[in-house]
Amino acid sequence: MKRTRIGLWAASTLLAATALSGIAQAQELTVFCDDIGFGCLTMDPVVKRYESENPGVKVKLETVPYQSLVESLPVQLESGEGPDAAIITDLGGLSRYYLDLTPYVNAANFEKEYSQTLQWLRGSNPTSKAINGMPTTLTVNGAYVNLTLFEQAGVPVPKEGATWAEWAEATRKVAKATNTEYAMEMDRSGHRFASLAISYGAELVDDQGKPVVDKGLKDAVEQFVAWHKDGTMPMDLWGAVGGATHRELFSDFLNAKTVLYFGGSWTLSQMDKEVGDLFDWQVAPAPCGPSSCTVMPGGGALVGFKHTKQPEAVGKLIDYIAQSKNNAEIVSAAVEIPAAKSLIENGVTYPSASERTQQSLSTFIAQIPKMAPAAYRFQGWRYQRAMMNALTTRISQVLNSELEVDAALDRVKQDVELAIKAAGQ
Amino acid sequence: MTGLQKILGIRRMPWVFLLPNLLAVLFFSLLPVAINVFYSVTGSDRLYPSERPFIGSGNYETLFDCTNYLDASTCSSDLFWRAVGNSLVFVPIQVICMIGVALLAAVCLNREIRGRGFFRAVFFFPVMLSPVVVALTWQWILQRNGALNGILTWLGLSPVNWLVFPNTAFFWSVFVTVWAHMGFYTIILLAGLQSIPRDVYEAAKMDSATNWRVFTRITLPLLKPVLLVVFVLCVIRSVQTFDELYVLTGGGPGSATMLIVQYIYEVGFAVQPRNFGLAAAASLLLGVVLLIFTGLQLRLSRNSQHG
Chain A
357 MKRTRIGLWA ASTLLAATAL SGIAQAQELT VFCDDIGFGC LTMDPVVKRY
407 ESENPGVKVK LETVPYQSLV ESLPVQLESG EGPDAAIITD LGGLSRYYLD
457 LTPYVNAANF EKEYSQTLQW LRGSNPTSKA INGMPTTLTV NGAYVNLTLF
507 EQAGVPVPKE GATWAEWAEA TRKVAKATNT EYAMEMDRSG HRFASLAISY
557 GAELVDDQGK PVVDKGLKDA VEQFVAWHKD GTMPMDLWGA VGGATHRELF
607 SDFLNAKTVL YFGGSWTLSQ MDKEVGDLFD WQVAPAPCGP SSCTVMPGGG
657 ALVGFKHTKQ PEAVGKLIDY IAQSKNNAEI VSAAVEIPAA KSLIENGVTY
707 PSASERTQQS LSTFIAQIPK MAPAAYRFQG WRYQRAMMNA LTTRISQVLN
757 SELEVDAALD RVKQDVELAI KAAGQ
Chain B
1034 MTGLQKILGI RRMPWVFLLP NLLAVLFFSL LPVAINVFYS VTGSDRLYPS
1084 ERPFIGSGNY ETLFDCTNYL DASTCSSDLF WRAVGNSLVF VPIQVICMIG
1134 VALLAAVCLN REIRGRGFFR AVFFFPVMLS PVVVALTWQW ILQRNGALNG
1184 ILTWLGLSPV NWLVFPNTAF FWSVFVTVWA HMGFYTIILL AGLQSIPRDV
1234 YEAAKMDSAT NWRVFTRITL PLLKPVLLVV FVLCVIRSVQ TFDELYVLTG
1284 GGPGSATMLI VQYIYEVGFA VQPRNFGLAA AASLLLGVVL LIFTGLQLRL
1334 SRNSQHG
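The listed protein sequences correspond, in order, to chains A and B.
Letter by letter, the first sequence follows residues 357 to 781 in this note's numbering.
Letter by letter, the second sequence follows residues 1034 to 1340 in this note's numbering.
No wet-lab data here; the hints were simulated from the structure.
Do not take every clue at face value.
[What the hints assert, rightly or not] Using 25 Å as the maximum straight-line C-alpha spacing, the simulated DMTMM-like pairs for lysine to aspartate or glutamate come out as follows: (1) A:Lys769 - A:Glu427; (2) A:Lys566 - B:Glu1094; (3) A:Lys665 - B:Glu1084; (4) A:Lys613 - A:Glu630; (5) A:Lys662 - B:Glu1084.
[Claimed, not checked] Facing chain A, a subset of chain B residues (Cβ under 8 Å, in silico): (6) Gly1076; (7) Asp1078; (8) Asn1194; (9) Val1197; (10) Gly1283; (11) Gly1284; (12) Gly1287; (13) Thr1290; (14) Met1291; (15) Phe1302; (16) Ala1303; (17) Val1304; (18) Gln1305; (19) Asn1308; (20) Leu1311.
Idealized CB from N, CA, C, for every residue including glycine.
Use the sequences and the hints to build the structure in full.
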């Protein structure tokens, strides 16, 4: 009898231990993020604090390259695999994989803080009220200008409201006077080109989610091609590479080989660290086109995925990171523009950043109200990446005389329509 | 095993031994081909078979929708045809250069030269490098502010933007891929050269045959079976070229160095939404081309054995 009791006791202890270990296992979350800006490195202290406040929860921050987040993660998600959560930038494109966090987070707070950007995560469903993730930071395209070269050339720096053409003219003069290799450079990215295009009046996508190829886009492409043909911009970025390849030559700006570099706010911290006192630089207010003085908004979001076995734990983690104090701590360390309304209104301090970087951040933030509605619409469009890939591919073909501008624009439209058709079949 | 032999009979026993390999071939080769065929006749950007509607020959029609097959710009999938055209130029040039250089290197390394072991290792080193490392190294050499232009400037010559012009980019594409892989073929050819009996050469020497005559009348004919293997391997590898060029040129400038595998990768994985069906159809066509080459190799090797 005694033996039976001991046996029962042992068996129940074993069962309890197994169940507990099961629970402990169930509370291990994997989050994919990269190591730039609001990413694994900057989230780590907050996540550690979350773990200490929530014993039994283990969060594994897995640093993965940005390219993997763009190319490999969607394939993993499509096959029902992948992490429980990730910081992603293809906000609308991955919408069908997102977990609805509404039951697990302070929904009212999310609606208040991210009223404009939550919609970007809802993909093609304009009526959705789901909370699919926490927009981490806003990014803004923008131009970095080498002030030292302007000073050496004795050319005045164009003021706010200057057009793209005026910037091109001024930077050409500076490049010539200072023997700098190029006047302007722009990342080989459809997102960067969209800033120029929308400021020239391009709609890119209409209210019905159909691709738009209009006069604004044509004018922008023609201007862009002309800058490459006359040597204002180097062929290395847009001309020398093919397909949808993303390419940056930020090193050219760091080495003072270009007067103006059109990149984005996410490289501010790198600028601060790598340029140091080598030369004086600033972020320029958005150059204007005939239509508007806009740049493209962008950003990342921390999202949970439907396939997770622990939706509640994922929701609670995201809710914790979204709390103002924690969010501000990460944004401050990342030296990026916050996405939360209260942080934008109250401001974030960046103790690790130089005064110049803080000024640059202010300039970037000042561009947000000037952004054209078309820029917001394009950013939240499910087929944005299809359009951006088509733009990079086809513009490169124009630069290499494989296509005329009109033929390239026809191809852009056709490429996007094929993508929409393929996705909708 | 004896018990099993009693049940199955001696004639069926070989199948028992073959079964593990047959299962592996079925699972890792035939099943993926079948899945590929299925994807090529279905649409949507969904991965799960149950979520992919059957569209028949739709993907093939998209690929073959051309008014003039000799002009890629008249095709609805113009990039596919540009990639096919580029591959048709790239493959023969690369194969000729690869075999030529590898054969030359093998002949040189087969001679009694000082430091022969060292040179054999040097030729083989690039084969051990990851293709991405090869491409990044050559990008560092060839870019506008790269090492090669540094040398040119130091010599008082004008720098050249090597990867910006279609012709130079194409040249370097061939050069880099030959550089990266020639060591592998050199080793095979070297083994072939060393299997040729010495006495044949000695007889030729006694007959005062010139080096060229020895090469064309003895070396090449006796090396023919090995050359055939090298040729087919080289063609298959060349048609599959992707990684080095994707990193080095991304298929550019424009689409000047975009080869067929890059097209498949871009359509299926790099762009959004992913068109798995179109990529599967294109890869199936590539598979057919490779099958033709393999069949050709079998036929040629059979002929060479018979005669």
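Interface hint outcome for Asn1308 of chain B [beta carbon to chain A under 8 Å]:
Status holds, d = 4 Å.
Should the interface hint for Asp1078 of chain B be scored as holding, given a Cβ-Cβ cut-off of 8 Å against chain A?
holds (5 Å)
Hint check: Lys769 of chain A vs Glu427 of chain A, CA-CA at most 25 Å. Holds or violated?
Holds. Lys769 of chain A to Glu427 of chain A sits at ~23 Å (cutoff 25 Å).
Per the CB criterion, is Gly1076 of chain B less than 8 Å away from chain A?
holds (3 Å)
Hint status (Cβ of Val1304 of chain B to nearest Cβ of chain A, threshold 8 Å)
holds (5 Å)
The hint names Asn1194 of chain B as touching chain A; please verify it with the least Cβ-Cβ distance against 8 Å.
holds (7 Å)
Would you mind confirming whether the straight-line C-alpha gap from Lys665 of chain A to Glu1084 of chain B stays at or under 25 Å?
holds (22 Å)
Once the shortest beta carbon distance from Val1197 of chain B to chain A is found, is it less than 8 Å?
holds (4 Å)
May I ask you to test the interface hint for Gly1283 of chain B with respect to chain A, counting a Cβ-Cβ separation under 8 Å as satisfied?
holds (3 Å)
Take the shortest C-beta to C-beta distance between Leu1311 of chain B and chain A; is it under 8 Å?
Where the cut-off is 8 Å and the nearest Cβ of chain A is about 7 Å from Leu1311 of chain B, the hint holds.
Given the hint that Lys662 of chain A pairs with Glu1084 of chain B, does the C-alpha gap stay at or below 25 Å?
Holds. Lys662 of chain A to Glu1084 of chain B sits at ~17 Å (cutoff 25 Å).
Supplied contact hint for Gly1287 of chain B, tested at 8 Å Cβ to chain A
With a closest approach of 3 Å, the Gly1287 of chain B hint holds.
Hint compliance for this structure: no hint is broken.
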